[in-house]
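J.: Those letters in the sequence shown? Residues -25 to -1, 1 to 439, per mature numbering (1 follows the signal peptide of the UniProt record, and there is no 0), in order.
Just so you know, these hints were derived from the structure itself, not from any lab.
No experiment lies behind these values; they were computed from the predicted model shown.
Some hints could be false.
Here are the computed lysine-lysine pairs in the DSS-like style, where the Cα-Cα straight-line distance is at most 27 Å [to be verified]:
hint	residue 1	residue 2
1	Lys340	Lys189
2	Lys381	Lys191
3	Lys72	Lys85
4	Lys388	Lys191
5	Lys381	Lys189
6	Lys191	Lys308
Label-pair distances were calculated between CB atoms; the ranges are [what the hints assert, rightly or not]:
hint	residue 1	residue 2	range
7	Gly188	Ala211	31 to 39 Å
8	His257	Gln89	51 to 59 Å
9	Gly406	Gly188	24 to 32 Å
Where a beta carbon is used, it is the ideal one built from N, C-alpha and C, also for glycine.
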Amino acid sequence: MSKRVKYSFYLLPLLLLIAPGVALADDSSINTGDTAFVLISAALVMIMTLPGVALFYGGMVRRKNTLSTIMQSLFIMALISVQWVLWGYSIAFGPDKAHLFGSLAWLGLKGVGQAPNPDYSATIPHLAFMAFQMMFAVITPALITGAIAERMRFPAFTAFTLLWATLVYAPLAHWVWGVGGWMRNLGVLDFAGGTVVHISSGVSGLIAALMLGKRKGYGSEPMAPHNLPLTVLGAALLWFGWFGFNAGSALSANGLAASAFVVTNTAAAAAALSWIIAEWFHQGKPTVLGGASGLVAGLVAITPASGFVGIISAVIIGLIAGIACYLAVSVVKPRLGYDDSLDAFGVHGVGGTWGALATGLFASKSINSAGADGLFFGNSHQLWIQFVGVVASWLFAAVMTFVILKTVGLFFKLRVSEDEEVQGLDITQHGEDAYSGMVVGVPVNNIQNPADSSSVVITREVSV
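Can you build the whole structure from these sequences, using the hints too?
T.: Following this line, the structure appears as structure tokens:
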């Protein structure tokens, strides 16, 4: 036997082992319009994370933490994209196990191919559905970073993110959206992620912020956003991308997608107006940051309801979301004294909770026959179902986040030192400065004040 034949004999079983079990497409069952719509929507949701969330949060922190904040979104995009195709998708949407999580039958996307999976969408390739859901899995932990900004060490952050996406996001997605999931069986309505994305990230952010503790000088030193134009650009990208987030969740280029598109824009606009007006009365002046935060609050609140409610309902949901989230951020947070750095809980936790409950009030089968009527359309039981879903999401996210952070803390120090925090995470965690170029090989002790560019020793200039 020649060496070539011998090696081929040994390699064949290995190749068969790693070869994907891909279901090939039956072109007659695939709608090209729906497929294009879902793929474009997936790309829009990707823009929400990078650069949307990255810029939105990056502009809100102090300048010495700009790059570290942006890096978190960039790293999550890479990490969770790999995690999702290896095992995350299988846990979230794989064949049901005990109504709690999917099996590992689709590990490494085995069996997830070009043919549709009618359990989720009969007109698009299974891979297209997987890719769309992957972008939801990416943005959710990115939202948490707003609560822990400016003080978490990068090694601990990476471990937390991977564990959280696996043990919190994926099971919760299965509960609500996976075939056999207990919330889905119960009848919880969540069109695009009020519970799965926003409650989970907001509540987890609050727990993480409480466990990490307040930033040095919080409450006694100014911590104003360093670059509001950056934040507004991020908010605009979020608004733009959210059309893919909500309308894309129809998984078809049809009337329901158009309805979700319009109510999404309407709620965002209504919430921006109500936040601005509330702030104007309360503070004496309307702010750009308030307008940006308000529109995001409206987008969050309409997310679970977007495929189930009409236009006027969207106006009401948005108006209440703007006021509720403003009060959470500007009244409740200062009184309770917790340091949710960029208001991840105040916007996503509060907005997502209101949106999930509002779905139980305003949902109408005239909008989506596959849904249910809410309280205002004669079905009071739906509000109770939504309440159960909200409470379960809160408790699961809170308890699991606490356990994960405690576990990560056994292996990594969670928080940067006081000196590192003063110098800024850009320098201490990544060796870079957002506005002066790149710092390479400079001992942290040699950098006195990264906020003062004259004190930063630049070894390689970066042209802009």
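J.: Determine for every hint whether it applies to the structure shown.
T.: Cross-check of the supplied hints:
1. Lys340 to Lys189: 46 Å, violated
2. Lys381 to Lys191: This hinted pair holds, its Cα atoms lying about 22 Å apart.
3. Lys72 to Lys85: The given pair, whose Cα atoms are some 18 Å apart, holds under the 27 Å limit.
4. Lys388 to Lys191: With Cα atoms ~17 Å apart, Lys388 and Lys191 stay inside 27 Å; holds.
5. Lys381 to Lys189: The hint holds at about 17 Å.
6. Lys191 to Lys308: Roughly 17 Å separates the two Cα atoms, so the pair holds.
7. Gly188 to Ala211: 31 to 39 Å: About 33 Å separates the Cβ atoms of Gly188 and Ala211, which means 31 to 39 Å holds.
8. His257 to Gln89: 51 to 59 Å: 54 Å, holds
9. Gly406 to Gly188: 24 to 32 Å: About 25 Å separates the Cβ atoms of Gly406 and Gly188, which means 24 to 32 Å holds.
Of the numbered hints stated above, the single one contradicted by the structure is hint 1.
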